[in-house]
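Asks: Just so we're aligned: the sequence shown equals residues 1 to 190 in full-length UniProt numbering.
Take these hints with a grain of salt, some might be off.
Once the Cα atoms are required to be at most 20 Å apart in a straight line, the calculated PhoX-like pairs of lysine-lysine come out as [as the list claims (entries may be wrong)]: (1) Lys71 with Lys8; (2) Lys34 with Lys8; (3) Lys81 with Lys71; (4) Lys103 with Lys13; (5) Lys103 with Lys34; (6) Lys49 with Lys103; (7) Lys8 with Lys55; (8) Lys13 with Lys71; (9) Lys103 with Lys81; (10) Lys34 with Lys49; (11) Lys13 with Lys55; (12) Lys103 with Lys71; (13) Lys55 with Lys81.
Hint data in this document are derived by calculation from the structure and do not stem from the laboratory.
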Amino acid sequence: MKAWQVRKLGEPKESLQIEEMPAPEPGPGEILIKTEAAALNFFDILLCKGEYQEKPPLPFIPGAEIAGEIKDTGPGTASSKRQRVLATPQLPNGGWSEYVVVKEEDVFPIPESLLASEAASMFITYQTFYFALHRCGRLTERRGTVSTRWIRRSGLCCDSIRINGWRGKSKQPCTGNAAGRSGSRRTNIR
1 MKAWQVRKLG EPKESLQIEE MPAPEPGPGE ILIKTEAAAL NFFDILLCKG
51 EYQEKPPLPF IPGAEIAGEI KDTGPGTASS KRQRVLATPQ LPNGGWSEYV
101 VVKEEDVFPI PESLLASEAA SMFITYQTFY FALHRCGRLT ERRGTVSTRW
151 IRRSGLCCDS IRINGWRGKS KQPCTGNAAG RSGSRRTNIR
């Protein structure tokens, strides 16, 4: 399999290399997933640079959020092969690889209607924005529109718009230029 691997710390364009390696095999309580999509989070960049609070030993594969299909299961698991899931791999064996082994408790089913690219970013960014809305912003069902313009063109902005839409709140544009508006249209956010 191929995987993005960090062999030396530094800027991602210098520290990340595509490596060919054997596919992992699941052990007891573990699941093997074929990765369809993997999220890129800010802390992945910090990990590559050695600036994050977690410092995995070199070499390591970044990537804390993936979506894919279960290909194999280890002994003592109840998950089904071919099920679509999102998962949160643990370092040093992150999700920026064609296959990843994760603990079964770190695997969550996703519906067929959800794109892998959407599911891969749900675990961290959606929870981050939900926390910001409800705990920091003290948003309740009685309070109205939430503006996301301050977030600009980030994945967090797109997630915030989706969450607001699900809650029946108005969706505010979060881009300031044509490229951003085009990206919003591609992700079906209007």
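Asks: With reference to the structure, classify each hint as holding or not holding.
Replies: A quick look at each hint next to the structure:
1. Lys71 with Lys8: Violated, at about 31 Å.
2. Lys34 with Lys8: violated, 26 Å
3. Lys81 with Lys71: holds, 5 Å
4. Lys103 with Lys13: Violated, at about 30 Å.
5. Lys103 with Lys34: holds, 14 Å
6. Lys49 with Lys103: violated, 27 Å
7. Lys8 with Lys55: holds, 12 Å
8. Lys13 with Lys71: Distance ~31 Å between Lys13 and Lys71 Cα, so the pair is violated.
9. Lys103 with Lys81: holds, 15 Å
10. Lys34 with Lys49: Between Lys34 and Lys49 the Cα gap is close to 27 Å, so the pair fails against 20 Å, i.e. violated.
11. Lys13 with Lys55: holds, 19 Å
12. Lys103 with Lys71: holds, 14 Å
13. Lys55 with Lys81: violated, 33 Å
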